[in-house]
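Top to bottom, those sequences are chains S and G. When you number the first sequence by our numbering, it's gap-free, plus one each residue, and the end is 754. When you number the second sequence by our numbering, it's gap-free, plus one each residue, and the end is 331.
Just to be clear, a hint being listed does not mean it is correct.
[Claimed, not checked] Derived Cβ-Cβ restraints for the label pairs, each shown as a range:
| id | chain 1 | residue 1 | chain 2 | residue 2 | range |
| --- | --- | --- | --- | --- | --- |
| 1 | S | A560 | G | K101 | 42 to 50 Å |
| 2 | G | E264 | S | P490 | 53 to 61 Å |
| 3 | S | P490 | G | P135 | 24 to 32 Å |
| 4 | S | R351 | G | E264 | 44 to 52 Å |
| 5 | S | P743 | G | D60 | 22 to 30 Å |
| 6 | S | P743 | G | V186 | 50 to 58 Å |
[Said to hold, decoys possible] In silico DSS-like links for lysine-lysine, alpha-carbon gap of 30 Å or less:
| id | chain 1 | residue 1 | chain 2 | residue 2 |
| --- | --- | --- | --- | --- |
| 7 | S | K343 | S | K353 |
| 8 | S | K353 | S | K542 |
| 9 | S | K353 | G | K269 |
| 10 | S | K544 | S | K493 |
| 11 | S | K453 | S | K402 |
| 12 | G | K114 | S | K354 |
| 13 | S | K384 | S | K402 |
| 14 | G | K269 | S | K544 |
| 15 | G | K269 | G | K114 |
| 16 | G | K54 | S | K542 |
| 17 | S | K701 | S | K343 |
| 18 | G | K114 | G | K38 |
| 19 | G | K38 | S | K544 |
| 20 | S | K493 | G | K38 |
| 21 | S | K712 | S | K631 |
| 22 | G | K320 | S | K353 |
| 23 | G | K265 | G | K302 |
| 24 | S | K544 | G | K54 |
| 25 | S | K385 | S | K318 |
| 26 | S | K542 | G | K320 |
| 27 | G | K51 | S | K544 |
| 28 | S | K493 | S | K402 |
| 29 | G | K114 | S | K544 |
| 30 | G | K38 | S | K542 |
| 31 | S | K318 | S | K384 |
| 32 | S | K542 | G | K51 |
| 33 | S | K343 | S | K542 |
| 34 | S | K542 | G | K114 |
| 35 | S | K493 | G | K265 |
| 36 | S | K353 | S | K544 |
| 37 | G | K101 | S | K354 |
| 38 | G | K101 | G | K269 |
| 39 | S | K493 | S | K384 |
| 40 | G | K265 | G | K320 |
Hints listed in this document are in silico derivations from the structure and should not be mistaken for laboratory results. Glycine is no exception: its CB is placed at the ideal position from the N, C-alpha and C atoms.
The primary structure of each chain is shown beneath.
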Amino acid sequence: MTSMTPPAFGTESAHIDHEITEAMAIYTRLYPTQKLTFIFYQGKDPIHGAPSIIEGPFTFRPHHLSPEYLGRVTRPGAGVDSPEVTIILSIPRRPTPTEAKQTDASWRPVRPLARLFTAWPIGYEKIRYLAEMRRKKRRDSKMTSRGLLRGEGSGHFPPAARPASDKKPAILIGMHWLEVGGAEKLGFDTIRWALEAGLRVFVVASVPALQRLQTNLPDSPDVTFIRLDRYLAHDKWPRFVERLIRDENIGLIHNHHCIPLYESLPQIRAILPWVKVIDSTHIVEYANGGYPRTSGVWSEFIDIHHVISRELVDYYRDNFQVIGKVKLGRMLDRVEPARELPAMTMTPGQNTLRVTFVGRLYYQKRPVVVVEALRALDKWAVANGVQLRGRIIGEGPFLDTLRQMLKRYGLTSKVELLPAGSPVPQIMADSDILLLPSNNEGLALVCYEAIEQGCIPISTDVGSQAEIVPADLLVPLEPAACVKGIVSVVDRLWKDAAFCDRQKAELHAAWSRIAADPTAQEILMPVYRDAAHVTEE
Amino acid sequence: MPALNKTAAIIVTFNRSAKLVKVLDALDHQTRRPDIILIVDNASTDDTQALMETRARDDDSLRYLRLPKNVGGAGGFHAGLKAAYGMGAHYFWISDDDAYPEPDAIANLLHAITSFEESHAWRPSFACSRVEWIDGTLCEMNTPRPVWDWPRFVTAAQNWPLVDSASFVSVLIPRWAVSEHGLPIPDYFIWFDDAEYTRRIARSYPGIFVPESVVLHDTPDNRGVNFGMIDEKSLWKFKYGARNEASFRRREGGLVNVLAYAYGVRRQMKGANVPKDLRRQIYGAILKGISFRPRIERV
Chain S
218 MTSMTPPAFG TESAHIDHEI TEAMAIYTRL YPTQKLTFIF YQGKDPIHGA PSIIEGPFTF
278 RPHHLSPEYL GRVTRPGAGV DSPEVTIILS IPRRPTPTEA KQTDASWRPV RPLARLFTAW
338 PIGYEKIRYL AEMRRKKRRD SKMTSRGLLR GEGSGHFPPA ARPASDKKPA ILIGMHWLEV
398 GGAEKLGFDT IRWALEAGLR VFVVASVPAL QRLQTNLPDS PDVTFIRLDR YLAHDKWPRF
458 VERLIRDENI GLIHNHHCIP LYESLPQIRA ILPWVKVIDS THIVEYANGG YPRTSGVWSE
518 FIDIHHVISR ELVDYYRDNF QVIGKVKLGR MLDRVEPARE LPAMTMTPGQ NTLRVTFVGR
578 LYYQKRPVVV VEALRALDKW AVANGVQLRG RIIGEGPFLD TLRQMLKRYG LTSKVELLPA
638 GSPVPQIMAD SDILLLPSNN EGLALVCYEA IEQGCIPIST DVGSQAEIVP ADLLVPLEPA
698 ACVKGIVSVV DRLWKDAAFC DRQKAELHAA WSRIAADPTA QEILMPVYRD AAHVTEE
Chain G
33 MPALNKTAAI IVTFNRSAKL VKVLDALDHQ TRRPDIILIV DNASTDDTQA LMETRARDDD
93 SLRYLRLPKN VGGAGGFHAG LKAAYGMGAH YFWISDDDAY PEPDAIANLL HAITSFEESH
153 AWRPSFACSR VEWIDGTLCE MNTPRPVWDW PRFVTAAQNW PLVDSASFVS VLIPRWAVSE
213 HGLPIPDYFI WFDDAEYTRR IARSYPGIFV PESVVLHDTP DNRGVNFGMI DEKSLWKFKY
273 GARNEASFRR REGGLVNVLA YAYGVRRQMK GANVPKDLRR QIYGAILKGI SFRPRIERV
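Just chain S, same shape as in the assembly:
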């Protein structure tokens, strides 16, 4: 990777030099002929450069020479009369070790309801659930799902043609950020696949962050991470992206939840119409439809919508009337020869019950409901003479809350909290039940992995979960009903052998159906290869 990020340690002077080089590279590309003046300040946070651009003559005012003022650097223009552009930037400080490790502060209930949470966590969850459903209802009734219009121009005007380039073809991959997440996992996979296809890869991210996963980018001179998230305001992205495409022979864009890259599409379509555009989407959010809605709105500007679940295929069809260019590609690896599924470990009447949860400890996964479910299952286990063993694998802002709840419920001896790096396949192979009471999901791959390890998933009926989890193993979303539903399903699996066998058979059938679908790699690689082998039209 062409590293654009300084090491966490090192002299401050090296850090400043590195950041200045990086910021200047961005603006030199954006303003190739103008006379540039950079005014640098010491940043207060480790994330954002707070860019501000003044096109035209610049006058220093007292506040420009604040205590944080570092200095100025100029780059001469192409000619004596080149127009002036002044760029004001803060150089983010280096993150502290704590900041580098932890993404978010520990979760706390909202202040007015803090006492309610202490007294009655599931009641708090219920209020949060109701608020979420209200937002969804409002979205359904108020938000339009109308795509943006796109005039393609008239044949009366000469079409723009891709210029010849002596550079190896490249792809621009836009990410939301380079932090942990499902979309980011696919983003990193696509960076790898693009390299394999023979493309040079430029990566940009829209959301300013420490971008902790940038160290996971392939170590290749063909991968360049450009810190637009830190140094370029969103409204300047279209012109920068246009320059980048021209300079670097980019023929393909793949967008993973990167909003300013969507907003750059009119510039690309008008000026560089030969560039092919793909986007990938994962989950329809309750509040505003999330990225699938954004993607649908931009659909006229996009060549291929890659989606990971059938729910999304339906979403594009039902909301935007788009079907042909929506391609389902599962976030799975094709294994040849097809693997044999092991028998499910749960047997009716067994005297132990091993229940596992795997996921990031964020609200979306509803870790509070997980603990409530474990508590209810413990009561059920005691009543039926069964020994419960729970495991929660994951990290995130809810970790401290879970610790407190487990202590309060007296479950610390029965429920383990394990770090995110734990051996998930082995733990699942040693589990009977996987709990997934999520607030929202696309299609949780962890369910797919659970079946591969002989573990029965019980999930809320959200997103595309019905594709992988049989109807009898789906539980309601409402928190209290969810907990009750989980206990009820476990009870039936434990008592009713025929029911248990039927669920196992249905899980295997669902797994096989999904395994037969094309994978994301199978959908995307041909497009990448085409882009790698086309240089001129």
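Please build the complex by placing chain G on the supplied structure of chain S, with the hints as guidance.
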């Protein structure tokens, strides 16, 4: 050919997947294939959706709008035209799921509407095809209505009479007409939605009938709309037709116009000896039409 000519075909369908396939095949063979083919599915319960999904795998121009419930042809054309307008098309070719265009049907409509404008400066509000029944005779129900000076611009080279009413079977509507006059009325549900709409947009300038553009309408029989043909089975459609036309006439010509319409309907029913009970229901529908004032949605 106009400078901007992105064309969207809008086909409304309901439980007729076999015929729809023939329509799609006919569109594939067009000498001027539409840039967008939008299928509006009135909540079909047959294999229409699966068919569309399969076909769209190899055809990015196919769009599929599945309505949550059957809102009739009128609701379907309203939703389809609205969606296609939102897709940025400059011309909308509207047709039925059992009407198969000849290979040059759409090209001829586009040619006629643009040539007419180039030759005479007037902008036709629509161009409609000659609709033939399966035996090659004129399809009675799809006969356009000429205006009084229909031959004004008719020549041997440009044989396009002026018309002010046409059916939604192979009619090409330019974008400006939709911008100026809005969308078809969905509340009509069925019947008279096409006549109302084409008459509305023809206020700007009449449309043209283009006989060299031919479509085949695969209906069970070739009958026009005449109130003398009412029976128990077809009564519901005639009731919609009577209500909708009465509403339209009330809007356009006042009560006297409705009375004239009612008189004509009475004469047709009496002449064909339609049972009194059915007649009463038609009069009821006409009465309902007087107070039925559906909203016209603008884009």
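Consistency of the hints with the structure:
Between A560 of chain S and K101 of chain G the C-beta distance comes to about 45 Å, which sits within the given range of 42 to 50 Å. The hinted window of 53 to 61 Å between E264 of chain G and P490 of chain S holds, with their beta carbons roughly 59 Å apart. Roughly 30 Å separates the CB atoms of P490 of chain S and P135 of chain G, a value that falls within the hinted 24 to 32 Å. Roughly 49 Å separates the CB atoms of R351 of chain S and E264 of chain G, a value that falls within the hinted 44 to 52 Å.
Here the CB-CB span from P743 of chain S to D60 of chain G is close to 24 Å, well matched to the stated 22 to 30 Å. Here the CB-CB span from P743 of chain S to V186 of chain G is close to 54 Å, well matched to the stated 50 to 58 Å. Between K343 of chain S and K353 of chain S the CA atoms are separated by roughly 15 Å; this keeps the pair inside 30 Å, and the hint holds. Between K353 of chain S and K542 of chain S, the direct Cα distance comes to roughly 27 Å. Compliance with the 30 Å bound is thereby established for this hinted pair.
Distance hint between K353 of chain S and K269 of chain G is unfulfilled; the C-alpha atoms sit about 39 Å from each other, more than 30 Å. Note on K544 of chain S and K493 of chain S: the hinted pairing holds, with a Cα-Cα distance of about 15 Å set against a maximum of 30 Å. A threshold of 30 Å between alpha carbons decides the hint, and for K453 of chain S with K402 of chain S the separation of about 27 Å falls inside it, so the pair holds. Among the hinted pairs, K114 of chain G with K354 of chain S is consistent with the structure: their alpha-carbon atoms are about 24 Å apart, no more than 30 Å.
Taking the CA atoms of K384 of chain S and K402 of chain S, the gap is near 28 Å; set against the 30 Å cutoff, the hint holds. Simply put, K269 of chain G and K544 of chain S have alpha-carbon atoms about 41 Å apart, too far for the 30 Å limit, and the pair is violated. Of the supplied pair hints, the one linking K269 of chain G and K114 of chain G holds, its CA atoms being roughly 25 Å apart against a limit of 30 Å. For the hint pairing K54 of chain G with K542 of chain S, the CA-to-CA distance comes to about 23 Å; that is within 30 Å, so the pair holds.
Of the supplied pair hints, the one linking K701 of chain S and K343 of chain S holds, its CA atoms being roughly 14 Å apart against a limit of 30 Å. Under the criterion of a C-alpha separation no larger than 30 Å, the hint pairing K114 of chain G with K38 of chain G is consistent with the structure, at around 15 Å. With a C-alpha separation of about 25 Å, the suggested pair K38 of chain G and K544 of chain S falls inside the 30 Å cut-off, and the hint holds. Between the alpha carbons of K493 of chain S and K38 of chain G the distance comes to roughly 20 Å, so the proposed pair stays at or under 30 Å and holds.
Among the hinted pairs, K712 of chain S with K631 of chain S is consistent with the structure: their alpha-carbon atoms are about 22 Å apart, no more than 30 Å. Straight-line distance between C-alpha atoms of K320 of chain G and K353 of chain S comes to about 39 Å, which puts the hinted pair past the 30 Å bound. Using a Cα cut-off of 30 Å, the hinted pair K265 of chain G and K302 of chain G holds, with the two alpha carbons roughly 19 Å apart. Taking the CA atoms of K544 of chain S and K54 of chain G, the gap is about 26 Å. The hint holds against a cut of 30 Å.
For a cut-off of 30 Å, the pair hint linking K385 of chain S to K318 of chain S is broken: about 37 Å separates their Cα positions. Between K542 of chain S and K320 of chain G the CA atoms are separated by roughly 46 Å; this puts the pair beyond 30 Å, and the hint is violated. Taking the CA atoms of K51 of chain G and K544 of chain S, the gap is near 27 Å; set against the 30 Å cutoff, the hint holds. At roughly 22 Å between alpha-carbon atoms, K493 of chain S and K402 of chain S fall within 30 Å of each other, so this suggested pair holds.
Pair hint K114 of chain G plus K544 of chain S holds up; C-alpha atoms about 26 Å apart against a cutoff of 30 Å. Distance restraint check for K38 of chain G and K542 of chain S: the Cα-Cα separation of roughly 19 Å lies within the 30 Å cut-off, and the hinted pair is therefore satisfied. Distance check on the hinted pair: K318 of chain S and K384 of chain S sit about 38 Å apart at the alpha-carbon level, beyond 30 Å; violated. Of the supplied pair hints, the one linking K542 of chain S and K51 of chain G holds, its CA atoms being roughly 24 Å apart against a limit of 30 Å.
Simply put, K343 of chain S and K542 of chain S have alpha-carbon atoms about 39 Å apart, too far for the 30 Å limit, and the pair is violated. With a C-alpha separation of about 21 Å, the suggested pair K542 of chain S and K114 of chain G falls inside the 30 Å cut-off, and the hint holds. Taken as a hint, the K493 of chain S and K265 of chain G pair is broken in the structure, with Cα atoms around 54 Å apart against an allowance of 30 Å. For the suggested pair K353 of chain S and K544 of chain S, the alpha carbons sit about 26 Å apart, so the restraint of at most 30 Å is met.
Distance restraint check for K101 of chain G and K354 of chain S: the Cα-Cα separation of roughly 20 Å lies within the 30 Å cut-off, and the hinted pair is therefore satisfied. The hinted pair formed by K101 of chain G and K269 of chain G meets the criterion: a straight-line CA distance of about 18 Å does not exceed 30 Å. A distance of roughly 18 Å separates the Cα atoms of K493 of chain S and K384 of chain S; the hinted pair therefore holds under the 30 Å criterion. As the CA atoms of K265 of chain G and K320 of chain G are separated by approximately 21 Å, the hinted pair is consistent with the 30 Å bound.
The structure shown violates the earlier hints numbered 9, 14, 22, 25, 26, 31, 33 and 35.
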